[in-house]
Structures are given as C-alpha cells and as structure tokens.
Amino acid sequence: MRPLRFEVPAGDAAVAGAALGTAWALKAFYSKAGFDSLGWILAPTVRLVSWTTGVAFELEPHHGYLSRDQLFLVSPACAGVNFLIVAFVSLCLGLAPACGRAGERVALVLGSAAAAYLATVLANAARIAVAIRLHEAGAALGPLTPSRLHCAEGVTVYFLFLLVLFSAAARVTGVRHAV
Amino acid sequence: MPSRPCSTLPLVFVPWLTYVAVTVVAPVLNGAAAAEAYADHAVITLGVSGAIFMLWLAASRMRPGHGRRRPPSGSRAQSGK
Numbered sequence: 001m002r003p004l005r006f007e008v009p010a011g012d013a014a015v016a017g018a019a020l021g022t023a024w025a026l027k028a029f030y031s032k033a034g035f036d037s038l039g040w041i042l043a044p045t046v047r048l049v050s051w052t053t054g055v056a057f058e059l060e061p062h063h064g065y066l067s068r069d070q071l072f073l074v075s076p077a078c079a080g081v082n083f084l085i086v087a088f089v090s091l092c093l094g095l096a097p098a099c100g101r102a103g104e105r106v107a108l109v110l111g112s113a114a115a116a117y118l119a120t121v122l123a124n125a126a127r128i129a130v131a132i133r134l135h136e137a138g139a140a141l142g143p144l145t146p147s148r149l150h151c152a153e154g155v156t157v158y159f160l161f162l163l164v165l166f167s168a169a170a171r172v173t174g175v176r177h178a179v
Numbered sequence: 180m181p182s183r184p185c186s187t188l189p190l191v192f193v194p195w196l197t198y199v200a201v202t203v204v205a206p207v208l209n210g211a212a213a214a215e216a217y218a219d220h221a222v223i224t225l226g227v228s229g230a231i232f233m234l235w236l237a238a239s240r241m242r243p244g245h246g247r248r249r250p251p252s253g254s255r256a257q258s259g260k
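Residue numbers (our numbering), protein chains in the order written: chain U, 1 to 179; chain W, 180 to 260.
Simulated from the structure, these hints should not be mistaken for lab results.
Quick reminder that beta carbons are idealized off the backbone N, C-alpha and C, glycines included.
Watch out, some of these pointers could steer you wrong.
As the list claims (entries may be wrong) - Just a few of them, taken from the derived set where beta-carbon distance is under 8 Å, the chain W residues facing chain U:
id: 1; residue: P194
id: 2; residue: T197
id: 3; residue: Y198
id: 4; residue: T202
id: 5; residue: V204
id: 6; residue: V207
id: 7; residue: D219
id: 8; residue: H220
id: 9; residue: T224
id: 10; residue: V227
id: 11; residue: S228
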C-alpha cells in the first residue's frame, strides 16, 4: 500500500463541499419528513417490489404501503434515504480525482445524484423483497433474532449494491482506486 | 474524464468509510446512541459491512491483472522502429 497523501486540489474540495452540503440538507429533510414527503422514493420502490415479487401493496394514507397478505408495512423508515446519501457522497468524493475541468465536476455531481437515486430504488427494492421472504419464513438464526436478521440483511444488500455501483462508476470514469 | 485518472489515495475505502459515517457515526452525533437498539445496529453494521469489504478487497487482489501498471495517459507503446 502506498502512503496516504492528503493534498486536496481546490476543484476536488469544491466537489466535496457540494456533496457534503447536499448530504447534510438531505439528512435534515429526512429527519423531519413524513410519508407524504417521501413519495418520490417510496412509490417507485414499492412498485418495483410488487412487480418482482408479486406481493400486492395498498396505500395507507400518511403511513406507508401495506401488504395485508404478508402483514408487511413499507414505512418512511424504509425509504433508503441514508443509502441515497451514502451512494451520492461516495461517488462524488471517490470520483472527484478523475475530473480536470469545472464542467466535468458539475457533470460528476449531477451524474452521481442520478446514479445514486437509481441505485437506491434498485437496492431498496431488492432489500425489501428479501425482507418479505425472511418475514414470511419467520427466519431466525441463533443470536440473530428476526429483527437482527432484518438489519443484517439490509446492510448486506445495501453495501453490496454500494460496492458494485462504486466499482462500475470508477471503471466508467477511469479513476484508479486500488489499494 | 481522462485528465487525472490516477490518485494515490486508496479510494476503494471511500464507500465503506462513507457508509460507516452515515449509518454508525451520524446517529451518535444526533444522540441516537443512547437508544437500546443502537448497539445492535452498530455491531451488525460494522461487522457485516467490514466482512463484505474485506472479501471484496481480497477478490479484487486475486483478479487477473491486479497491480499491473497502466501506461501514463498520452504515452504510446513502443513500435520497435
């Protein structure tokens, strides 16, 4: 491993500032957001889950999407906004060294936002689809109670999607990120 | 974006560090660490994401061509003429 070097060019610092500022604003929004403010991310996610699993969800106004068959509620806590923040910030910070001009940096921030949104809908739909199956099976494994298993499943799905997204983006932009 | 494709910072750590910062560190700053469920969440998040990240790094190192240096951008292979 080569030694770490902490020289941050001004352009990269600008990208980092934009990414972290957006992340902070999104986090502040999410901490107060109710179900009605999260339709832009929950609705496509639930549609994708229904389409891939065949599980029908009903809209429960102001609360979430409920599957009466599975007794499974997709609530605002399931929106995946934290993953959206992680994906967006990772792409901006990790790929900023590939940008040489201001226009490229603007494209990076906008492209990262779009890619992070798409990845969030896909990852969250996959996470919820697996969670429905685990819930249905009442799965538990030693110290892994159903709620711990649900948490572990979420981390596994989200983090794998994050690594695949970052590696694909690094390959596309040509940035070298090996240790 | 071909102008500066190489960085000496191990950028592969960026996704993991960002994930841990948002899911484990940020709740501490917001005071959520006092909640009973936080310890479970933090242990599972660090354990699972750390294990996956280690496996990902190991798999990357085993991939054919790992560590092979690319020629600097703009350089051309010698033709022997």
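Hints and how they fare:
The interface hint given for P194/W holds, since its Cβ lies 4 Å from the closest Cβ of chain U, which is under the 8 Å cut-off. Annotation: interface hint on T197/W holds; nearest CB of chain U at approximately 5 Å, less than 8 Å. Among the interface hints, the one on Y198/W holds; its C-beta lies about 5 Å from the nearest C-beta in chain U, closer than the 8 Å criterion. Look at T202/W: its Cβ gets to within about 6 Å of chain U, closer than 8 Å, so that hint holds up.
With its C-beta approaching chain U no nearer than about 12 Å, V204/W sits outside the 8 Å limit, and its interface hint is violated. Taking 8 Å as the C-beta cut-off, the interface hint given for V207/W is violated, the closest approach to chain U being about 14 Å. Satisfaction of the interface hint for D219/W is found here, the shortest Cβ-Cβ separation to chain U being roughly 6 Å, below the 8 Å cut-off. The criterion of a C-beta within 8 Å of any C-beta in chain U is met by H220/W, whose closest approach is roughly 6 Å, and the hint holds.
Annotation: T224/W was flagged as interfacial toward chain U, and the flag holds, the nearest CB pair being 5 Å apart, inside 8 Å. Interface hint status for V227/W: upheld, as the beta-carbon distance to the closest one in chain U is roughly 4 Å, under 8 Å. Checking S228/W against chain U by beta carbon gives a least distance of about 5 Å; that is within 8 Å, so the hint holds.
In this structure, the hints that do not hold are numbers 5, 6, in rising order.
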